[in-house]
Amino acid sequence: MNPMSRGLTTGRRALLRTCARFLLLAVTVVLIVGVLPAMSHAAPAEPTAPATGAAESSQSQDPSSAPSATTDAPADGQAPTTTSAAQDPAAPQSAASLAVDNLVVTKIDETGKEISGPLHVGSSIATLSFTWTGSATTLKAGDSFTIELPAELAYRAPGVRPFTYDLGESEPTEVGSCEITTTAMTCTFNEVIPGRAAQGYTALNGSGRIQVGTVAATAQEELTFRVNGKDVSVDLPGQGGIIKGAAVYKPLGLTKGARGLTDQSTAVGWVIGFGTEKLQEAYAAAGTPTTFDGSERIITLTDELGPGQAFPDPSAWTLVRTNSQGAPDSERLILDTSAAGATTTQAGSFSIEVVPGQVYEGGSDATIILRGPFAAQTNYQVLYDAPVTSQNGKAVAGFVYDNVVAVSGAVLAERATKSFVDSFSFDVTMEVGYGTFSVAKFLSGQASDQVDPASTFTVAVDYQLPGGASLKDYPGWQAPGTVNSAGTGGTAELEVTVGRRSVFTGPKASMVLPAGTKVSLTEKTPTAQAPTGYTWGEGAFTIGGTPASELTIEDRRVIEADLTNSLEVQAVGSLAVTAKVSPQDSPFASDTFEIAYSCTLPGGGIISDVLKVAAGSTVKASDIVAGAECSISESEATRAREGYTVATRIVPVGAEKPGVTIVAGEVAEVVVEHIYTAAGQAPPADGSGGADSPRGFQLSKTVTGSASDKAGTVFLFDYACTGA
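Numbering (my numbering), first residue to last: 6 to 729.
Heads up, none of these hints are tricks.
With a Cα cut of at most 27 Å, we get these calculated DSSO-like pairs of lysine-lysine: (1) Lys235 / Lys145; (2) Lys112 / Lys255; (3) Lys617 / Lys706; (4) Lys112 / Lys235.
What the hints contain is simulated information worked out from the structure, not anything from laboratory work.
Remember, it's a predicted structure, so these values are computed and weren't measured experimentally.
The whole structure should be built from the sequences, with the hints applied where relevant.
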């Protein structure tokens, strides 16, 4: 199977924005509560900020369906004039201290990258961006602004989205929230910012951005938005308004996609697409010619899910006909669900059968058998929702969901991935000559979805000032972290959270690092708990989609870097204990002994267990992490026998010290020998017990007091024998 990979690329916006934008996934709502000069202070000192800030976004894409509607365009010459809501005395009282301006609609692709051309009904995604201004001295709790959409557009993700401001405390503070329906968004401030007015804060401004979808066509190239109760005219991207294009048949080969994900999703909606025209060619190329002409045919697909998700019940799958060469604009027709039996439709009798396969570490697979009179030059889809398997049953931000599908009997395979980042972001408004960077944290690979979504990782930041400059060349600037002795650079740390984008800031949030500063990023050894049986692999940085860990600060820019970690299967070894009894004719030569082991793990922590080992046999312990230091012990109760004394020797095979070190892929062997002697007799040196045979001696070691935990430990003694 040769699945094709799809990568996510980072889009950049050059117009009306000064920040480089990272992956925009699902609904993106960004309320940027400006830091100086956005929120200026009357006193000379500027507000401070901690070393991190969070930036979040999410992606939504539905390749399986698209709404469609048509609206008559307004008559020529009737376009409304542009009006600023801030200038309207009739604006709602709650918006009196807030003005909303600079509304811009931009066409984007599903990754958030800006693209050219007009919008199309049902299939296009756009962002609505805007700025807002107010005054911290007049803002009151409950003050709000509202943006209502024209009938041709709809907000893509209704809900309530909080927005925050960094007040220099341990975490950003929620200062308000936006309530979003499909037609309107109202953003309301709470009491936090008004409470700061007494500290000298005056100007207050910010910006926002949210994704919208297209639901109706229009020839008008400007649409009327309702902002704080007044009409505002906004240009549409491209030319021609919003277009309802003529349906076009495009023969599919094999495609794989997924519907949108957010932090509230409980399943990944996978869509498998295929067309009989390309499928017929693929069968012929593979030496298994199959003609699709409306006769009964069987198409078999194999589907493999990556970690973090599971196949749904076999009855929860759907087969759909989308369109054909002869009917490019035909409505979607459900041919069958995978409930028992076939379904008879106007296109014939079809059935879909799903046979679950293996569930293994890192994923599962299934076989999909499609039967029916598949028509020539026709496209079809198989739809199903794969429940996620995270701890809380919801999709994990930053986790990459993976899926591979292939056609049996043809060399056709397709791979798709789906991920998202949380929907809220905090951006910084900079002063001239300064910039910063941000880091988004992702996890990938098997078992990554088992990691606590609140886990944090530490990025070490090393920076060097440009052109041989030193700290004295930047009056008024306070360097972040620890400055080196020459004053030409320094080091700092940035805490990042899985699925979030964290912005690096300094003592002055608007003056982080001078433009031209060289920054090197490295990930410190993760302290987040890895799932059992796994260890953290080396983190990989990318900047602009290219592997890199070094960047140069740009004026008034936030350069975006991504950091991805994968989990690796932890190296293990084992421990085997052999029990022996001497002499060989001892009445206890077939007894079973309870032998304990205790291992200190490399990363801390202790594991222990008791093995029941019969004399003359060997018992192997469960896998133990490589590098663990283990000790063996045996209680007096398990080795004592009435009427006999016992000497016990615990000997690690091939070791020079009493304990053993677990080596990856190897089994450490330990022999525990019990030498029994009838009470009152000395043990024979050779175990024969003959009257004239050489005699030996026995040495016992007793441990008491605070060292009682050393019971069972082997102690070494030297001895010398003289005389005849």
